[in-house]
Amino acid sequence: MLKLVLNRLGLGVLTLFAASVLIFIGTEILPGDLASAILQNTATPETLAKMRLDLGLDRPAYLRFFQWLFGALHGDFGLSLANGRDVLEEIAPRFANTMFLATYAAIVAVPLAIGLGLLAAIRQGGFFDRLVNVVTLMTISVPEYFLAYLLIKYVAVDLGWFPSLASVSSDTPFLDRLYITFLPMLTLVLVIVAHMMRMTRASVLSVMASPYIEMAILKGLKNSRIVVRHALPNALAPIIAVVALNLAYLIVGVVVVETVFVYPGLGQLMVDEVSKHDVPVVQACGLIFAATFILLNMIADILGILSNPRLRHPR
Amino acid sequence: MRILGHKLTVTAQIGIAIVVINLFVALFAPLIAPFDQATPVGDAWADPSAQHWLGLDNLGRDLLSRLIYGARMSIGLSLIITALSFLIGVITGFSAAVIGGWVDQLLSRIVDLLLSMPTLIFAFVILSVLGSALPVLIVTIAILDSTKVFRLARSVAVTIVSLEFVEAARLRGEGWWWVVTREVLPNAIPPLTAEFGLRFCFTFLFIAALSFLGLGVQPPDADWGSMVKDYRDMINFGSAAPLYPAGAIAILTIGVNFVVDWMLAIHSRGQGEGA
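Same order as they appear, the protein sequences are chains A and B.
According to my numbering, the stretch in the first sequence is residues 1 to 315, in order.
According to my numbering, the stretch in the second sequence is residues 1 to 275, in order.
FYI, nobody ran anything at the bench for these hints, they're computed from the structure.
Treat the numbers as computed from the prediction; the structure is a model and nothing was measured.
One thing to keep in mind: the hints can contain errors.
[Claimed, not checked] Over 12 angstroms on every C-beta distance to chain A, these chain B residues come out as not near it, computed from the model:
hint, residue
1, Ile-16
2, Pro-30
3, Trp-45
4, Phe-122
5, Asp-261
[To be verified] So the derived label-pair ranges between C-beta atoms look like this:
hint, chain 1, residue 1, chain 2, residue 2, range
6, A, Asp-176, B, Val-139, 43 to 49 angstroms
7, B, Val-10, A, Gly-10, 46 to 52 angstroms
8, A, Asp-272, B, Ser-155, 54 to 60 angstroms
9, B, Thr-159, A, Ala-49, 54 to 60 angstroms
10, B, Ser-155, A, Arg-225, 36 to 42 angstroms
11, A, Gly-220, B, Ile-80, 42 to 48 angstroms
12, B, Leu-79, A, Ile-299, 35 to 41 angstroms
13, A, Gly-125, B, Pro-135, 46 to 52 angstroms
14, B, Leu-59, A, Ala-209, 36 to 42 angstroms
15, B, Pro-219, A, Asp-272, 14 to 20 angstroms
[As the list claims (entries may be wrong)] Far from chain A, by Cβ distances over 12 angstroms, these chain B residues were calculated:
hint, residue
16, Ala-17
17, Val-20
18, Leu-23
19, Leu-31
20, Phe-35
21, Leu-59
22, Gly-60
23, Trp-102
24, Ser-132
25, Pro-190
26, Ala-241
27, Phe-258
Just so it is clear, CB atoms sit at the ideal spot from N, CA and C, and this is done for glycine as well.
Please put together the full structure from these sequences, using the hints given.
The structure is reproduced here in structure tokens:
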């Protein structure tokens with residue numbers, strides 16, 4: 001089993017390396033000179049030449065790539081083109097903010113989703129089940145900013161229960177943070193609960209068709225006990241996969257939510273820098289997002305193997 | 001009500017109605033819209049009146065007309081991208097399944113690699129260098145999305161290719177292009193149609209999200225995502241302006257999802273039945 005886990009870890013590292021290559025290719029070796037892409041309208045032959053020298057474009061691509069990668073591994077992502085500050089300094093507090101929001105949403109969403117999914121499976125076909133089905137289908141269809149603006153308009157502006165802008169700084173006390181970020185957290189939760197809940201329900205229901213469940217029913221066990229004690233452990237694998245996928249999605253979905261609530265996180269930073277063509281920052285953000293995404297997918301893979309005893313000891 | 005012999009559920013009817021209305025508005029936008037999408041016709045943020053059913057927007061343009069033209073831009077763009085990604089994904093997916101061997105392995109590895117990156121982030125990276133011109137948007141998103149179509153097309157094709165009539169065609173000496181278009185494709189249409197609907201939804205939401213962040217469709221073209229961005233500040237004054245384009249996005253995606261749900265339900269088979 002340890003071999004399997006190490007195998008997955010190795011695969012994850014390889015994927016991360018490949019992702020970093022893709023990010024680097026995306027910004028540096030696309031057709032159209034990088035210097036003119038950054039300078040856009042202010043480009044003159046002199047500024048272009050200087051920019052090229054600054055970026056080190058006179059050196060071959062693979063050398064630049066490894067230099068960038070080694071720098072990144074040591075926390076040195078270079079300087080931001082927009083304001084000349086060290087990229088890591090800019091990113092670190094924002095990353096902390098984003099992780100706070102994502103963790104807050106995850107802690108609320110996962111138990112809620114699995115609980116609701118189990119409930120819907122227990123009362124399958126009933127009113128609760130069908131209602132939840134339609135509501136979740138609608139929630140996964142709508143864009144996050146629609147939900148966000150709905151919440152802002154009705155809960156923040158009309159009712160005044162929560163602030164409509166989630167402005168935190170590094171010295172905001174913890175409880176205040178929880179209060180200020182409640183609405184963005186709620187938006188994220190609404191988006192991912194639907195998906196995870198539907199998968200929990202579907203997975204449990206498909207296990208319910210098994211013969212040993214039929215045996216349990218014939219034995220006279222209560223429906224809730226059957227679902228929780230007999231069906232759920234076998235249904236765990238796809239549920240875990242979906243939970244991890246949604247957590248990975250959280251990392252990306254947080255970008256839009258941060259923009260709506262003007263929350264000082266990594267997503268908002270990346271969006272701002274993309275329109276400013278601030279390539280070093282975009283590369284660094286991209287790498288961090290990709291790494292988190294790959295890490296979560298890898299954990300999903302490993303957990304999926306661990307939760308199934310048959311896969312734990314392959315023969 | 002029945003279509004092609006299959007019974008329509010309530011949600012499917014609602015979904016089809018929504019899709020048809022949206023397509024109609026998108027196609028006939030210039031004929032339906034009362035005003036032009038980019039010409040100011042009054043003061044900014046004028047209230048709704050008999051002449052302007054939804055009032056005016058931040059630059060004095062008629063909101064309803066912008067909504068109608070936005071349908072054309074958003075839906076049209078998404079359809080083009082989905083069609084392109086489908087073209088790429090289906091051809092590569094079917095070819096991988098039919099040719100097999102190292103071609104299949106190579107294509108699958110490349111697709112796995114592209115899928116390991118979060119799409120939004122990768123799109124950001126590319127847009128930060130190339131800018132947000134429409135052709136760039138179309139090609140980038142189409143290529144990124146074609147990976148998911150590849151996965152489905154390949155698995156569908158692999159199932160069909162294992163059937164006897166394909167083997168018979170091969171023994172006759174038919175080339176892979178013939179097999180792909182005349183044997184695999186006609187049998188793959190039901191799952192592919194549902195997938196088209198899902199891909200359209202995803203692309204549509206993706207374009208809207210990019211425009212909302214200011215990185216998608218650029219002004220003065222009306223597009224639902226960028227309209228939400230432009231009107232977002234008004235929510236603090238109690239106006240529901242950003243909710244109109246955002247609501248339009250939501251309604252269309254719900255409608256398409258209802259239809260796709262219904263299509264998947266009628267084509268899904270029990271575990272014991274054959275392919």
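Against the structure, the hints:
Every C-beta of chain A lies more than 12 angstroms from that of Ile-16/B, the closest at about 15 angstroms, which supports listing it as non-interface. For Pro-30/B, the non-interface assignment is confirmed: its Cβ lies about 26 angstroms from the closest Cβ of chain A, beyond the 12 angstroms cut-off. Residue placement check: Trp-45/B keeps its beta carbon more than 12 angstroms from all beta carbons of chain A (closest about 16 angstroms). Residue-level check failed: Phe-122/B sits 7 angstroms from the nearest beta carbon of chain A, not beyond 12 angstroms.
Look at Asp-261/B: its CB is around 7 angstroms from the nearest CB on chain A, not clear of 12 angstroms, so calling it non-interface is violated. Here the CB-CB span from Asp-176/A to Val-139/B is close to 46 angstroms, well matched to the stated 43 to 49 angstroms. One distance hint, 46 to 52 angstroms for the beta-carbon pair Val-10/B and Gly-10/A, holds here, with the actual separation near 51 angstroms. In this structure the supplied range 54 to 60 angstroms is violated for Asp-272/A paired with Ser-155/B, their Cβ-Cβ distance being about 40 angstroms.
Between Thr-159/B and Ala-49/A, the C-beta spacing of about 58 angstroms keeps the proposed range 54 to 60 angstroms intact. In this structure, Ser-155/B and Arg-225/A meet the distance hint of 36 to 42 angstroms, their C-beta atoms being roughly 37 angstroms apart. For the hinted restraint 42 to 48 angstroms between Gly-220/A and Ile-80/B, the CB-CB distance of approximately 59 angstroms leaves it violated. Between Leu-79/B and Ile-299/A the beta carbon distance is about 37 angstroms. The supplied range of 35 to 41 angstroms therefore holds.
For Gly-125/A paired with Pro-135/B, a C-beta distance near 50 angstroms keeps the hint of 46 to 52 angstroms intact. As the Cβ distance of Leu-59/B to Ala-209/A is approximately 58 angstroms, the hint placing it in 36 to 42 angstroms is violated. Taking 14 to 20 angstroms as the suggested C-beta distance range, the pair Pro-219/B and Asp-272/A conforms, at roughly 18 angstroms. With a cut of 12 angstroms on Cβ distances, Ala-17/B stays outside the contact zone with chain A, its closest approach being about 16 angstroms.
Look at Val-20/B: its CB is around 17 angstroms from the nearest CB on chain A, clear of 12 angstroms, so calling it non-interface holds up. The beta carbon of Leu-23/B sits about 17 angstroms from the closest Cβ of chain A, which is more than 12 angstroms, so the claim that it is off the interface holds. For Leu-31/B, the requirement that its beta carbon stay farther than 12 angstroms from each beta carbon of chain A is met, with the minimum near 28 angstroms. Consistency note on Phe-35/B: stated as away from chain A, and its beta-carbon is indeed over 12 angstroms from all of that chain's, at 25 angstroms minimum.
Every CB of chain A lies more than 12 angstroms from the CB of Leu-59/B, the least distance being 20 angstroms, so the non-interface label holds. Residue placement check: Gly-60/B keeps its beta carbon more than 12 angstroms from all beta carbons of chain A (closest about 22 angstroms). For Trp-102/B, the non-interface assignment is confirmed: its Cβ lies about 19 angstroms from the closest Cβ of chain A, beyond the 12 angstroms cut-off. With a least beta-carbon separation of about 9 angstroms from chain A, Ser-132/B fails to lie farther than 12 angstroms from that chain, contradicting its non-interface assignment.
With a least CB separation of 20 angstroms from chain A, Pro-190/B remains clear of the 12 angstroms interface cut-off, as annotated. The beta carbon of Ala-241/B is not kept farther than 12 angstroms from every beta carbon of chain A, the shortest such distance being approximately 10 angstroms. Phe-258/B, annotated as away from the interface, has a beta carbon of chain A within 12 angstroms; the closest lies near 7 angstroms.
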